[in-house]
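Asker: The primary structure of each chain is shown beneath.
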Amino acid sequence: MNAFVDAFGWLLDGENWSGGQGLGTRLVEHIGISALTLLVATLAAVPLGLWLGHLGRGQVVAINLGNVGRAVPTLAVLVLFAFLPAPLGANTFSFVLALSLFALPPLLTNTYVGVREVDRDVVDAARGLGMSGWEVLTKVELPLAAPLVFTGLRLAGVQIVATATVIGLVSGGALGRTISSGFTRGDQPQVIGGAILVTLLALLTEYLLGRLERLAQRRSSGSQAQQAPAGMPGAQTAAA
Amino acid sequence: MGSVGAVRTLAQLDSGSVHAASVADNCLLRNEWVCPLYVQQRQSQILEAVGEHVQITVLSIVIGAAIAFPLAVVARRNRHLRGFILNSSTVIYTIPSLALFPLLLPFTGLSITTVIIGLVLYSLTILLRNVMAGLESVPAEVLDAANGMGLGRRRLLWRVELPLALPTIFAGLRIATVSTVALTTIGAVVGYGGLGNLIFQGLNSFFRAQVLVACVLCVVLAVLADLLLLAVQRGVTPWQRGARA
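Protein chains in written order, with this note's numbering: chain A, 10 to 249; chain B, 9 to 253.
Among these hints, one or two may not hold up.
Said to hold, decoys possible - Incomplete in silico selection of chain A near chain B, CB under 8 Å:
id	residue
1	81
2	171
3	179
4	197
5	198
6	212
As the list claims (entries may be wrong) - Quick look at which bits of chain A chain B covers, simulated, 3 or more residues with Cβ under 8 Å:
id	segment
7	10–23
8	69–80
As the list claims (entries may be wrong) - Estimated spans, in silico, between C-beta atoms of each pair:
id	chain 1	residue 1	chain 2	residue 2	range
9	B	214	A	18	49 to 57 Å
10	A	96	B	86	51 to 59 Å
11	B	89	A	213	20 to 28 Å
12	A	30	B	45	57 to 65 Å
No wet-lab data here; the hints were simulated from the structure.
Predicted model only: the values in this text are computed from it and were never measured.
Don't be surprised by glycine CBs; every beta carbon is placed ideally from N, CA and C.
Start from the sequences, fold in the hints, and give me the full structure.
Answerer: See below:
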C-alpha cells in the first residue's frame with residue numbers, strides 16, 4: 010500500500026504538474042486528443058449510421074464492425090501508423106485517425122440500431138403525414154434514436170480515453186507518456202501516479218457521458234413511452 | 009563469364025566478407041515491411057512470443073470463466089450482490105489496460121501474473137454480464153414446466169437453465185477471448201505481452217518486418233480463437249444449428 014501513498018504524494022507535488030513534460034501538459038494533451046478524436050469519429054459514424062439505418066441497408070457491416078475492431082490491437086495500429094510515411098507517421102493527425110477508427114464501431118452500431126428500432130408504424134405515420142425522407146430522418150428517426158446515439162457516444166468516449174493512453178507507448182504525449190517514461194526511468198510513483206490519473210479521467214468520462222445519456226433517455230421517454238429499457242441492453246452488448 | 013568472375017572477386021576484395029554480395033538483396037538490411045528472411049531467422053523468437061500470447065490469453069479466459077460462472081449463479085439470487093457486481097464491473101471495464109497493469113505493480117511486480125490478473129478482471133466483467141443475461145433470458149414458462157416436472161434447483165440449473173443460456177454465454181466467451189488476444193499486447197509494458205513484446209521491440213528499433221508480422225499474427229490468433237469457440241458452440245448446442253441457418 011506504500012506504493013499508492015508514494016504515488017498520491019507524487020501526484021500532489023506541484024513540481025510534477027509544471028513544465029512541458031509535466032502532468033498539466035500531459036493532461037491537456039490527453040483531453041485534447043480524446044475530444045478531437047470523439048468529434049471526428051462522431052462526425053463520421055453518426056451520419057453514416059443514420060443514413061444506413063434510414064435506408065435499412067448495410068446491417069452486416071454496421072453490426073459486425075465492432076467484432077473486427079475488437080480483434081485488432083490498438084498498439085499494433087498505432088505503431089503501424091507511426092511507421093508509415095507522411096501525412097501519417099508519429100504525429101497527432103496519425104494518432105487521431107487511428108483512435109477514430111477504433112471509436113467508429115460503438116457509434117455506428119448504436120446509431121444504426123437506434124434508427125432501426127424506431128417503431129415502423131411511427132415511420133409509416135410520418136410518411137402518411139406527407140413528410141419527405143429527410144424530414145422523417147431528422148424529425149422522427151433521429152430524435153427517437155437519440156438515446157442510443159448517446160449510448161454510442163459514451164462507449165466511444167470511454168474507449169478513446171483508454172486507447173489515447175497507448176499513444177504514450179508509441180511516442181506521442183498524453184498521459185500514457187507519463188506512465189511509459191516512468192517505466193523507462195524506473196520511477197514507480199510516477200508510473201502508478203500516471204495510472205491513477207488516467208483511471209480517474211476514464212471514470213470521469215464515463216460518469217459525464219453517462220449523465221448525458223440519461224438526459225437523452227429522459228427527454229426521449231417523455232415523447233415516446235417505453236423506448237430505452239427494452240432496447241438498451243441488447244444494443245449495448247452488441248457494441249461493448 | 010569473365011565479368012561475373014571479376015565482380016565476385018571485386019566484392020570479396022572490397023569488404024573481405026562473403027556476405028558482401030548478398031547485402032543488396034537482403035530485405036532485413038533494407039528494412040522492408042514484408043521480409044520472409046525475418047520469419048526464417050527469428051522463427052524461434054516468434055514462436056516463443058506466440059506461445060506466451062496464447063498462454064496469457066487461455067489462462068485469463070479460463071480463470072475468468074471459473075470465477076464468473078459461480079458468481080453469476082449466486083448473484084442471480086441476491087439482488088444486492090447483483091447490483092454490486094454490475095456496478096463494479098462497469099468501473100473495472102472503464103479502467104484503461106495501460107493503467108490497470110501499473111496499478112497491480114505493487115502487488116505482483118513486473119511479472120506475467122500482473123498481466124494475467126489484469127486480463128482476468130476484464131474477461132470476468134464481460135463473462136459475468138453475459139452469464140447473468142443468459143440465465144435471466146430463460147423463459148418463465150420453461151422454468152414453471154421444469155418445476156412442475158419436479159426438477160430440483162441443481163438439476164434445473166444444469167439441465168434446463170445452463171443449456172438455454174449457452175448461446176449468450178458463448179457470445180460472451182467469444183467477445184472476451186477476442187478482446188483478450190488484442191489486450192495482451194499491452195502487457196508489453198511490464199515485459200509480458202506475447203506478440204506485444206515483438207511490436208514494442210520493433211517500435212524501438214524501427215524494425216518494420218517484425219512489427220508487421222506481430223500485428224498480423226495477433227489478428228490471426230484472434231480470428232482462430234473466435235472460429236474455434238464458434239465450432240465448440242455448434243458442437244455443444246446441436247439444437248441451434250437448424251435455427252441458425
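Asker: Given that the segment 69–80 of chain A was listed as covered by chain B, double-check it with a C-beta distance under 8 Å for 3 or more residues.
Answerer: holds (count 3)
Asker: Against chain B, is residue 198 of chain A within 8 Å by beta-carbon distance?
Answerer: Check failed: Cβ of residue 198 of chain A comes no nearer than 11 Å to chain B, outside 8 Å.
Asker: Evaluate the given range 20 to 28 Å for the C-beta pair formed by residue 89 of chain B and residue 213 of chain A.
Answerer: holds, 27 Å
Asker: Do residue 96 of chain A and residue 86 of chain B keep their Cβ atoms within the hinted range of 51 to 59 Å?
Answerer: Given a distance of about 55 Å, which is inside 51 to 59 Å, the answer is holds.
Asker: Honestly, do residue 214 of chain B and residue 18 of chain A meet the 49 to 57 Å range at C-beta?
Answerer: 37 Å Cβ-Cβ, so the 49 to 57 Å window is violated.
Asker: If you take the shortest Cβ to Cβ gap from residue 171 of chain A to chain B, is it below 8 Å?
Answerer: Holds. Min distance 4 Å.
Asker: Three or more residues of the segment 10–23 of chain A near chain B by CB distance under 8 Å?
Answerer: Coverage by chain B holds for the segment 10–23 of chain A (4 residues, Cβ < 8 Å).
Asker: For the pair residue 30 of chain A and residue 45 of chain B, does the Cβ-Cβ distance stay inside 57 to 65 Å?
Answerer: The hinted range 57 to 65 Å is violated for residue 30 of chain A and residue 45 of chain B, with Cβ atoms some 40 Å apart.
Asker: Tell me if the interface restraint on residue 81 of chain A is satisfied: Cβ within less than 8 Å of some Cβ in chain B.
Answerer: holds, 6 Å
Asker: Is the interface hint for residue 212 of chain A satisfied, with its Cβ closer than 8 Å to some Cβ of chain B?
Answerer: Residue 212 of chain A check passes; min Cβ-Cβ to chain B is 6 Å, inside 8 Å.
Asker: Against chain B, with CB atoms and a cut of 8 Å, does the hint on residue 197 of chain A hold up?
Answerer: Holds, about 7 Å.
Asker: At a threshold of 8 Å, is the proposed contact between residue 179 of chain A and chain B supported by beta-carbon distances?
Answerer: holds, 7 Å
Violated hints, in rising order: 5, 9, 12; the structure is consistent with all others.
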